[in-house]
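> One-letter residues, chain by chain:
Number of protein chains: 2
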Amino acid sequence: MEFSLIDRIRQRTAQGRDDVRLGIGDDAALLAMPPGQELAVAIDTMVEGVHFPIGTAAVDLGWKALAVNLSDLAAMGATPAWALLALTLPNADAAFVDGFADGFAQLAQAYRLALVGGDTTRGTLTISVAVHGFVPPGKALTRAGAQVGDVVLVTGTLGDAAGGLQLVQRGGRSDAQASYLIQRIHRPTPRVAAGLALRGHASACIDVSDGLLADLGHICTSSHVGAEIEAALLPRSSALLDLFDDATSCDFALSGGDDYELCFTVPPQHVASVQTDLARLGCGAARIGRIVEGRGVNVRDREGRQLELVHQGWDHFGA
Amino acid sequence: MEFSLIDRIRQRTAQGRDDVRLGIGDDAALLAMPPGQELAVAIDTMVEGVHFPIGTAAVDLGWKALAVNLSDLAAMGATPAWALLALTLPNADAAFVDGFADGFAQLAQAYRLALVGGDTTRGTLTISVAVHGFVPPGKALTRAGAQVGDVVLVTGTLGDAAGGLQLVQRGGRSDAQASYLIQRIHRPTPRVAAGLALRGHASACIDVSDGLLADLGHICTSSHVGAEIEAALLPRSSALLDLFDDATSCDFALSGGDDYELCFTVPPQHVASVQTDLARLGCGAARIGRIVEGRGVNVRDREGRQLELVHQGWDHFGA
Numbered sequence: 001m002e003f004s005l006i007d008r009i010r011q012r013t014a015q016g017r018d019d020v021r022l023g024i025g026d027d028a029a030l031l032a033m034p035p036g037q038e039l040a041v042a043i044d045t046m047v048e049g050v051h052f053p054i055g056t057a058a059v060d061l062g063w064k065a066l067a068v069n070l071s072d073l074a075a076m077g078a079t080p081a082w083a084l085l086a087l088t089l090p091n092a093d094a095a096f097v098d099g100f101a102d103g104f105a106q107l108a109q110a111y112r113l114a115l116v117g118g119d120t121t122r123g124t125l126t127i128s129v130a131v132h133g134f135v136p137p138g139k140a141l142t143r144a145g146a147q148v149g150d151v152v153l154v155t156g157t158l159g160d161a162a163g164g165l166q167l168v169q170r171g172g173r174s175d176a177q178a179s180y181l182i183q184r185i186h187r188p189t190p191r192v193a194a195g196l197a198l199r200g201h202a203s204a205c206i207d208v209s210d211g212l213l214a215d216l217g218h219i220c221t222s223s224h225v226g227a228e229i230e231a232a233l234l235p236r237s238s239a240l241l242d243l244f245d246d247a248t249s250c251d252f253a254l255s256g257g258d259d260y261e262l263c264f265t266v267p268p269q270h271v272a273s274v275q276t277d278l279a280r281l282g283c284g285a286a287r288i289g290r291i292v293e294g295r296g297v298n299v300r301d302r303e304g305r306q307l308e309l310v311h312q313g314w315d316h317f318g319a
Numbered sequence: 001m002e003f004s005l006i007d008r009i010r011q012r013t014a015q016g017r018d019d020v021r022l023g024i025g026d027d028a029a030l031l032a033m034p035p036g037q038e039l040a041v042a043i044d045t046m047v048e049g050v051h052f053p054i055g056t057a058a059v060d061l062g063w064k065a066l067a068v069n070l071s072d073l074a075a076m077g078a079t080p081a082w083a084l085l086a087l088t089l090p091n092a093d094a095a096f097v098d099g100f101a102d103g104f105a106q107l108a109q110a111y112r113l114a115l116v117g118g119d120t121t122r123g124t125l126t127i128s129v130a131v132h133g134f135v136p137p138g139k140a141l142t143r144a145g146a147q148v149g150d151v152v153l154v155t156g157t158l159g160d161a162a163g164g165l166q167l168v169q170r171g172g173r174s175d176a177q178a179s180y181l182i183q184r185i186h187r188p189t190p191r192v193a194a195g196l197a198l199r200g201h202a203s204a205c206i207d208v209s210d211g212l213l214a215d216l217g218h219i220c221t222s223s224h225v226g227a228e229i230e231a232a233l234l235p236r237s238s239a240l241l242d243l244f245d246d247a248t249s250c251d252f253a254l255s256g257g258d259d260y261e262l263c264f265t266v267p268p269q270h271v272a273s274v275q276t277d278l279a280r281l282g283c284g285a286a287r288i289g290r291i292v293e294g295r296g297v298n299v300r301d302r303e304g305r306q307l308e309l310v311h312q313g314w315d316h317f318g319a
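Going line by line, the protein sequences match chains V and X. Numbering-wise, my numbering puts 263 at position 263 of the first sequence, and it's gapless, one number per residue. Numbering-wise, my numbering puts 202 at position 202 of the second sequence, and it's gapless, one number per residue.
Simulated from the structure, these hints should not be mistaken for laboratory data. Just so you know, even glycine gets a beta-carbon here, dropped at the ideal spot from N, CA and C. Worth double-checking, as some hints may not be accurate.
To be verified - Computed, partial: chain V to chain X, Cβ under 8 angstroms:
id, residue
1, Gly-16
2, Asp-18
3, Leu-22
4, Gly-23
5, Thr-88
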């Protein structure tokens, strides 16, 4: 462990957690679990040129590397607590590390999350973060509980990150709407509070990292059900609708990755109260379809016809 | 998370742990901590061409990626329990993944360690593993407890991995002694049982990953003490002594990384019983010096002269 690099991040993240009995600087950290909770753990990696464009600002990478992991905790309904960071860098660039640390710490501080371990190595820019959170036994949201008849909902809006990515690749635009979509790639908001609010209400939950079709497909597989989605109901931002035509924005909303919204299922009688709760949290929750018998995800257009789908989402090694 | 690749590993690792409430396949794993224990966590990354030569066998990489992390738990006196794996690969190579899985699983099974989460991505071959273990509160071994007058010991033998690396780089030899040293690079043995046996006896402990001087130096820094090492006491294998001259093998033992032995300090009155315990575990423990006032590590030769040291150990970003 190279202390100087990790220390720059540690100094910016929470020091005050009394459950961190021994933090960075020894062979392992020592952590105290709150009694009566289960530990939720996840790990995610971002590679330059694969998960983010070469030249992405360090401050955005620091934020996003943590955000995509917090999104996994959000999808489980877990409260974030601790993180580990493995950062591989082409060279010891203090400005990069400081920027990365700033972005990481901005998000970590919002959750009083402590960085408790890290490793920096030399190589292609690659960032792995492992996160740890707490959830009461039996209360976690999983992908496996969706029931036929449940309503499918998503937080926020879908397709923004895919639209933003296309704008970045095209280059040129820098107005407020373009900036909004691009920000959605670089600074995704993990829906932690929404995940906590869904505990005890959602029958299944996942975060939309690979695209709605792929991720709702995981719920269907795990729950042994199918889903029917209505394209007209997909929540899309005004920026996306203004900058792209209906078919494109719909494709982005169905198949674009990197939105980090939550897709979840709720028994019909609880939908109204869940929507009220999530509106109060600021992200809202839109009904987009329902769980049916069968398997896989079908999408219907405004006339009720089943759409032919080209993209089923993002897979780093192909289908 | 790409299920097919991670699944190949998961299928080979422990399924029977009842503390894994929800394993691989959801957004996060759910784990139950044993009551009255603290959680020890560490993360380490290995990059092709930096931490291992290009062309290293996949089975060795799988073993070693876990071994270097278990070594961190060993140095804390923690019992291994769970691991997360982030594997970045240039392409979806089933033979590589199977080999990697075999090596990882061989070592995991020895400790009933469960792989509870993973992520595979495309890029330069990079492996990050995070490990989790248990230790009773207040019983962990740290780097910070060494006292003036304590004896410095190491398990096993030092310098073998550095010797093996030189043999690999030279090419050619394939006799039993060369194979032994090369095996010590590729299949390090984490000293988990030794670490557990040292709880309550060692005043400080670290694993020798960066080289004895660097790692004992970390104990000195954390404990606000110095150390004096006698070169003649450095435990060296017969293979190392047969294949390299005394000065070279001594340099390897002092500065070579990757041995993953434990270096620890013990009050004089407990040395004999500790040595008996560790002899019973098969690795043994050699006295190599003592803790003194001051700072840093000094090395004395057979005549009591202080050695001039060129290398202070391994640092991926230079001094």
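> All the hints need checking, so say for each whether the structure fits it.
Quick rundown of the hints versus the structure:
1. Gly-16: violated, 18 angstroms
2. Asp-18: Hint on Asp-18 of chain V: violated, closest Cβ of chain X at ~13 angstroms, above 8 angstroms.
3. Leu-22: At about 6 angstroms, which falls below the 8 angstroms cut-off, the nearest Cβ of chain X leaves the hint on Leu-22 of chain V intact, so it holds.
4. Gly-23: violated, 11 angstroms
5. Thr-88: This interface hint holds because 6 angstroms falls under the 8 angstroms limit.
Against the hints set out earlier in the document, violations occur for numbers 1, 2, 4.
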